[in-house]
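Asker: Okay, here's what each chain looks like letter by letter:
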Amino acid sequence: MIKHVPIVLVAIPLLAAFMIPMIGMINRTARTVIGAIALVIILAASYYIAGDVLNHGRIFYYMVGSSNPEIVTEHGLTFPIRIGLKIDSFSLFFIIMTTTLVFIFYLFSIQYIEENERKNYFTVLFISMVAGMMGLLVANDLFTFFVFLEILSISSAALVAFRTERKHPPYAGYKYMFISAVATSFFLLGIAFLYAQYGSFNIDYLKEAVRGTLLDKIAIVLLIIPLAMKSGVVPMHMWIPDTYSEAPAPISAMVKLGSLICLYGLFRISFSFGLSHAHVSYPLGVLFIVFGILSMFIGVTQALVQKDVKRLMAFHAVSQVGYMLLGMGVGLTVVRAGDASFALFGKVAMIGGLLHVVNNALYKGLLFLTSGVLVRHFKTRNLDAMHGLAHYDVFTTVVFMIAALAISGIPPFNGFVSKIIIYESVFQYNPVLTLIAIFVSILTLASFMKVFYSAFLGMPSNKRPMEQPVLIKCSMIVLAFFIVVIGIYPHGILKALIEPAVNALVNF
Amino acid sequence: MNIVQVEYLHWAPLFWLGIFFGLVVVLIIIGKLFFTNDYNTVGQQSLPFYSGTSNSLLQLITASSLYWGFKHTLDAYFLIIKRLFISDVEDFIQWFIIIVAGMLLILTGVLL
Numbered sequence: 001m002i003k004h005v006p007i008v009l010v011a012i013p014l015l016a017a018f019m020i021p022m023i024g025m026i027n028r029t030a031r032t033v034i035g036a037i038a039l040v041i042i043l044a045a046s047y048y049i050a051g052d053v054l055n056h057g058r059i060f061y062y063m064v065g066s067s068n069p070e071i072v073t074e075h076g077l078t079f080p081i082r083i084g085l086k087i088d089s090f091s092l093f094f095i096i097m098t099t100t101l102v103f104i105f106y107l108f109s110i111q112y113i114e115e116n117e118r119k120n121y122f123t124v125l126f127i128s129m130v131a132g133m134m135g136l137l138v139a140n141d142l143f144t145f146f147v148f149l150e151i152l153s154i155s156s157a158a159l160v161a162f163r164t165e166r167k168h169p170p171y172a173g174y175k176y177m178f179i180s181a182v183a184t185s186f187f188l189l190g191i192a193f194l195y196a197q198y199g200s201f202n203i204d205y206l207k208e209a210v211r212g213t214l215l216d217k218i219a220i221v222l223l224i225i226p227l228a229m230k231s232g233v234v235p236m237h238m239w240i241p242d243t244y245s246e247a248p249a250p251i252s253a254m255v256k257l258g259s260l261i262c263l264y265g266l267f268r269i270s271f272s273f274g275l276s277h278a279h280v281s282y283p284l285g286v287l288f289i290v291f292g293i294l295s296m297f298i299g300v301t302q303a304l305v306q307k308d309v310k311r312l313m314a315f316h317a318v319s320q321v322g323y324m325l326l327g328m329g330v331g332l333t334v335v336r337a338g339d340a341s342f343a344l345f346g347k348v349a350m351i352g353g354l355l356h357v358v359n360n361a362l363y364k365g366l367l368f369l370t371s372g373v374l375v376r377h378f379k380t381r382n383l384d385a386m387h388g389l390a391h392y393d394v395f396t397t398v399v400f401m402i403a404a405l406a407i408s409g410i411p412p413f414n415g416f417v418s419k420i421i422i423y424e425s426v427f428q429y430n431p432v433l434t435l436i437a438i439f440v441s442i443l444t445l446a447s448f449m450k451v452f453y454s455a456f457l458g459m460p461s462n463k464r465p466m467e468q469p470v471l472i473k474c475s476m477i478v479l480a481f482f483i484v485v486i487g488i489y490p491h492g493i494l495k496a497l498i499e500p501a502v503n504a505l506v507n508f
Numbered sequence: 001m002n003i004v005q006v007e008y009l010h011w012a013p014l015f016w017l018g019i020f021f022g023l024v025v026v027l028i029i030i031g032k033l034f035f036t037n038d039y040n041t042v043g044q045q046s047l048p049f050y051s052g053t054s055n056s057l058l059q060l061i062t063a064s065s066l067y068w069g070f071k072h073t074l075d076a077y078f079l080i081i082k083r084l085f086i087s088d089v090e091d092f093i094q095w096f097i098i099i100v101a102g103m104l105l106i107l108t109g110v111l112l
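If you're matching them up, the sequences are chains A and B in order. For the record, in the first sequence the residue sitting at position 481 is 481 according to this note's numbering, with numbers rising by one throughout. For the record, in the second sequence the residue sitting at position 43 is 43 according to this note's numbering, with numbers rising by one throughout.
Okay, chain B solo, but in the shape it has when bound:
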């Protein structure tokens, strides 16, 4: 399927694009055959339903609230990262010196 074969790249995009568009056509046909859009578009039937609140502004979950579980689980990790990289110039110089020193020890064969 590839126009030019590259032996290390197992990727035939035209084939997969064909599959993708084929699936889209099938979905459209299924939609036309089995789904209808004769619901009432002016009433509440077309609005999304959120349980627990009637305030539309509260329905918008902000970016900082997303993945809260992930962040909460990794609290300890983020605390360490925050302490390690405080983003001050001195902090940066400190890291630079540490890395130069570490690399000197490793690459000159002193440490390893």
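Looking at chain A on its own, in the form it has when it is part of the complex:
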């Protein structure tokens, strides 16, 4: 049974997404429960294989359509085109993060999205989005990766434009769809270049087969840049504030999670094809560092001057991607150099970068959820029109503070841990980069002080205090709990998840 887990992770949400419209017409509660059950199954499945993958280093291969689904393709062999799935420690790290978070966001959305807001559509698209994410994470061939990237993009765009009765969301959704289409077209072109030469989509096979021809180099660029765009890397980041700010709060968090999964693709492809001088003529890691620094600095300075709370948080999402790129970029650079630096600090930088991915998903998710509560209470996203929420909503105040302090890198929260690892390791590569990263962290703190001062402090507003529904509270408490636990006891996640993930990526 355990060997079928890779396909279960994709098939269950797909199946649920097809069932939900029919069930929703009969019974609304059953529809919501079916969605939750699908998410619980994939959550359980991901934890079920965790021991095998992380402790024993098992890699799950799955060939859909093969008489024996566990056939592993030998290098150099020709094989029929079929859907190849693979789970190793690196993908499992992202899978566990995703299955846990989508379940929490789903719980939040159950009571956040009103029934009269076409909740059937919402649930279908939400679960389709999860299917897209899962497919991306288990895909071991580029075409499957492309297909699930499209599923993720289409369902995300539809959810961004979900509130069609308003003026801006449809435009934001259209914009997201358009730029996603352009990006995935380039991605498809990159796949075509590789397939034309090597007759395969399989990533394992291509990694060995790629010879470093001019066409290969063009293909690598065409695979990397669309994923960088979907991750929100500066200067291709402007879709992020437009999209995140117009989407309902749980969808902002989901689209953010989708961006992190595209970052997974970016790292996977970069470490597969970007390590050898024969494949790319210039160290890809150095470019990652440059884009990381740009993202951090431009993101945070743009955030600081925003007065729209959701746009402010969206710009911070851009800025935080910079930290991940910085850590992974230093790792990628020293891995390629092949000297002792990798053992000395390169691996640690990658560990910091990956820990920042999960930390960012947690506190950014919580910040988007709290922004949803703010917008629902004040009926505006304008910080100038908000004040005094702390007088009567202590719960939201406390969880916002936890998330804001975490993103600013204040101990003892999780953001501090990943940032200190990045600072210390990157310092050994280049101290100036660490200074910039610390400066960006200070600006982040300043920016969230502004939000806290504006929305939570000051005179109490005249608006009637609103008690948060239980599922909204629960989902926020769980996120805050993870933020605190990882901050106080990071060693567990570092040893159990992050280190095996880094090892798998480097030895991929």
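Note that these hints are calculated values from the structure, not bench results. For clarity, every value in this text was computed on a predicted model and none was experimentally measured. Backbone N, C-alpha and C define an ideal beta-carbon position, used for all residues, glycine too. The hints are all genuine.
Computed far set for chain A versus chain B, every beta-carbon distance over 10 Å:
1. 58
2. 116
3. 167
4. 401
Examples of chain B residues lying across from chain A (beta carbon under 7 Å, computed):
5. 13
6. 62
7. 63
8. 64
9. 66
10. 87
11. 89
12. 92
13. 95
14. 96
15. 99
16. 100
17. 106
Given chain A, put chain B in place with the hints provided.
Answerer: Relative to the frame of chain A, chain B by itself:
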């Protein structure tokens, strides 16, 4: 102090939490010993004092007014950023093409 040692992470949260709570206890003791709260809670003594205005609404500094000095100093930078990223679809495609072209030149070894 760490339950599990991780050689690259110099962070002993339990130690620092102990220090933090120790300081809080010390502050509470100092507060109890030296500070009193016997002021008049119904009069103006308990209200914050703002010089220069008597209108309570004006006392609230809005979010857009915060960090005005920082923004003013970086006006030139923000003007450039605004021009570079106008957030139109065409603008986005433009950046995408520029980055693809730049990366092609760099990674194929034409430029470097």
